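Chemist: Each chain, letter by letter, is given below.
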Amino acid sequence: MEIEKFSYDNKIVKAFIIAAVIFGLVGMLVGLTIALQLVYPILNFDLQYTTFGRIRPLHTNAVIFAFVGNAIFASVYYSLQRLLKTRMFNDNLSWIHFWGWQLIILAAAITLPLGITTSKEYAELEWPIDISIALIWVVFGINMIGTILKRRERHLYVAIWFYIATFVTVAVLHIVNSFEMPVTFLKSYSWYAGVQDALVQWWYGHNAVAFFLTTPYLGMMYYFLPKAANRPVYSYRLSIVHFWSLIFIYIWAGPHHLLYSTLPDWAQSLGVVFSVMLIAPSWGGMLNGLLTLRGAWDRVREEPVLKFMVVAVTAYGMATLEGPLLSLKNVNAIAHFTDWIVAHVHVGGLGWNGFLTFGIFYWVVPRMWGTKLFSNRLANLHFWLGTLGIIFYALPMYVSGVLQSLMWKEFDAQGFLVYKIFLETTVQVLPLHLIRAIGGTLYLVGVIIMTYNLIKTAYAGKFIPDEAAEAAPLEKVYKAKTGGWHHQVLESKPILFTVVALVSILIGGIVELVPTFLISSNVPTISSVKPYTPLEIQGRDIYIREGCVSCHSQLIRPFRSETERYGEYSKSGEFVYDHPFLWGSKRTGPDLHRIGAKYSDTWHFNHLYNPDVASPGTIMPSYPWLFEQHIDKSLTAGKIKALRTVGVPYEEGYENVANDDLDKQASAIAGRLKEDKIDASPDLEVIALIAYLQRLGTDIKVEKTASTQN
Amino acid sequence: MELIKNSLQAVDTILIWSIFSLVVFFIFFVCLLWWVVVVDKDYITKMKNIPIEENKSEYNTSLNN
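In the order they appear, the protein sequences are chains A and B.
Just so you know, we're using our numbering here: the first sequence kicks off at 1 and counts up by one.
Just so you know, we're using our numbering here: the second sequence kicks off at 1001 and counts up by one.
If you're looking for bench data, these hints aren't it; they were derived computationally from the structure.
Since the model is a prediction, treat every value here as computed from it, not as a measurement.
Glycine included, C-beta positions come from ideal geometry on N, C-alpha and C.
Keep in mind that the hints are not guaranteed to be accurate.
The calculated label-pair distances, taken between Cβ atoms and stated as ranges, are [to be verified]:
(1) B:I1019 x A:F411: 36 to 42 Å
(2) B:V1037 x A:R301: 32 to 38 Å
(3) B:I1027 x A:I110: 45 to 51 Å
(4) A:V300 x B:C1031: 35 to 41 Å
(5) B:W1034 x A:E470: 36 to 42 Å
(6) B:L1022 x A:T525: 45 to 51 Å
(7) A:I131 x B:I1027: 37 to 43 Å
(8) B:I1019 x A:Y609: 52 to 58 Å
(9) A:P128 x B:I1019: 38 to 44 Å
(10) A:L43 x B:V1037: 54 to 60 Å
(11) A:V138 x B:I1027: 30 to 36 Å
(12) A:Q414 x B:I1027: 53 to 59 Å
Generate coordinates for the entire structure from the input sequences, incorporating the hints supplied.
Modeler: Set out below in structure tokens:
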């Protein structure tokens, strides 16, 4: 058969690697900054654009979508071409993908510090950016599927299955979770409310971890680990079982993020069962990776690339054992809302994603520049700094998480909470947070050293933009060797493969989400729960803008330790008008669901202006700009209309008089402040925020008062 | 949509969803395991060597012989 000559496109891989390294440095630097802000609140600089609540999502988005995202694309574009023995489908699509993705990152870097956010974790970007992400993702998909269709290798190696599953599932997750009702060009409300919004969000959030941080990286592991070790994967059979069972099970496990919440019990149990089952495929994959090195462990001592990969795969194993354990209700009762979760995600992020990325870059860059790595010693130094960084990060956070939980739940002999004031528990763990920041610094220094090493490597060699290759074309008519319907047939038909993968993940999604949406009994209504007033909506939007949800949950779990501290546990029916839900996932500060009417307006006013005066020793930043900026009343009508469209029962035409009600409520608050000798214009943003905080969790108190009177 | 909604609302107990999901997964997994056990050994060997032998141009046609 005639051999065809062609070339692999290294230019696009180079661009994605450069972007990944730059955004990795930026994202980790922001991470270090927010870690230090939690110890030294002065580092918030009293500026709205640098305050913790606004730049915490900047960190998560930068490391997940900019660093890991670009690393995924670099690795996919490198390995896909070689596994399929063809150049990418279309160079123009490759560059549209590259620049489109970088523009999205730029948009995120601008909008998040400005407080333009949906507040849904890892899906904070507003609707025009969401649409751009969908379009660029489709470009990536077309380019990938197109490449697969013009391949010169009949069968799709397992790494490509993981890439296909990534493309298909992320598309589904992103579209379903991003349903929102625009108010303005950069403001929208989630289509879903309360418990349903929470379920969709964590179905997305969990599977973003699964299909953005895990499946593409497993594909990368299955390609680059055998390449670096120069031996085939330990068990290809295991990789097949690994793939199908992983994508099938992962998609069901989302509700484990909502244990002891108001989510229906059956959905919680479903999440737990499938989470525990996840151990099997995850460990199957980890063992497959580690056993690939059988007989080559001597090389791990000398080869930094393999060192990084071994720690990465081990971290994957640790994180995927810990994840299912955390989803057990009794463990979750301790760990949820604490630093334990932060430790867990960073073992995965720093260990699995970070180290596999570094290993791949150390392996790929010398090959693309036709030279050797500039310095193995520097790579080894990076390895040890990174490993120590992970340990110094994770260990104190584990200790801190357990400490927090024990303190939150500790009762004295008389049955009173020992740490009645939440702040006492926050202050106790600050030294551990400082050690965590040291761990982060070590890790970041390692990445800086890698950057230097890779740049020197590139300068020492000569970049090969188009790598020559040759292969025979596919035969036009293909007959499966063993006959009948087999997996081989599936692998040789990429479109069919994609459809089967899509169906696999959709089954889990549909079974999990549909009943909650369609059966009304899943969300019991409470008659006294009423829609927010116009001023409260404005206040809620400020709460969202400032990222208060980063540190404060709004979900009281049915534990005595929580009802004693915060009040009545949260009910599903209380959240039916919450677009989006604001349950949060971390308690750096106390839960706020029953904060309404607990303190006076004056207390909130002083607390937001200077938290340290109201709560000495607090690490909460000040919000001085809320005392200068005015409520944008021109948006009230639009907000009412948008909320009505998504199901909040405001009367037709209410938007025309909403600002009158807003003014009335704001004047009442300003009046109460005046009684305490505080002069504040009713138009200030802080007034709206106080109105919202004072409303929180009070609706069922109205019902109680009413029933007591009856 | 109404049709789906009505039939879903007619489901007596929501528990059926979790049982259904487990059954679907169980059947899928058993079929997959069965296939992996009976699959052709040569095919497995060829597949696992794809990344290692990707530079050998003669390889890709060998499957089609």
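Chemist: Indicate, hint by hint, whether the structure satisfies it.
Modeler: Hints versus structure:
1. B:I1019 x A:F411: 36 to 42 Å: holds (39 Å)
2. B:V1037 x A:R301: 32 to 38 Å: holds (37 Å)
3. B:I1027 x A:I110: 45 to 51 Å: For A:I110 against B:I1027, whose Cβ atoms are near 49 Å apart, the range 45 to 51 Å holds.
4. A:V300 x B:C1031: 35 to 41 Å: With Cβ atoms ~37 Å apart, the hint holds.
5. B:W1034 x A:E470: 36 to 42 Å: holds (39 Å)
6. B:L1022 x A:T525: 45 to 51 Å: At roughly 31 Å between Cβ atoms, A:T525 and B:L1022 fall outside 45 to 51 Å, so the hint is violated.
7. A:I131 x B:I1027: 37 to 43 Å: Check passed, 38 Å falls within 37 to 43 Å.
8. B:I1019 x A:Y609: 52 to 58 Å: About 55 Å separates the Cβ atoms of B:I1019 and A:Y609, which means 52 to 58 Å holds.
9. A:P128 x B:I1019: 38 to 44 Å: holds (43 Å)
10. A:L43 x B:V1037: 54 to 60 Å: Holds - the Cβ-Cβ distance for A:L43 and B:V1037, about 58 Å, lies within 54 to 60 Å.
11. A:V138 x B:I1027: 30 to 36 Å: Holds: the Cβ-Cβ distance is about 33 Å, inside 30 to 36 Å.
12. A:Q414 x B:I1027: 53 to 59 Å: holds (56 Å)
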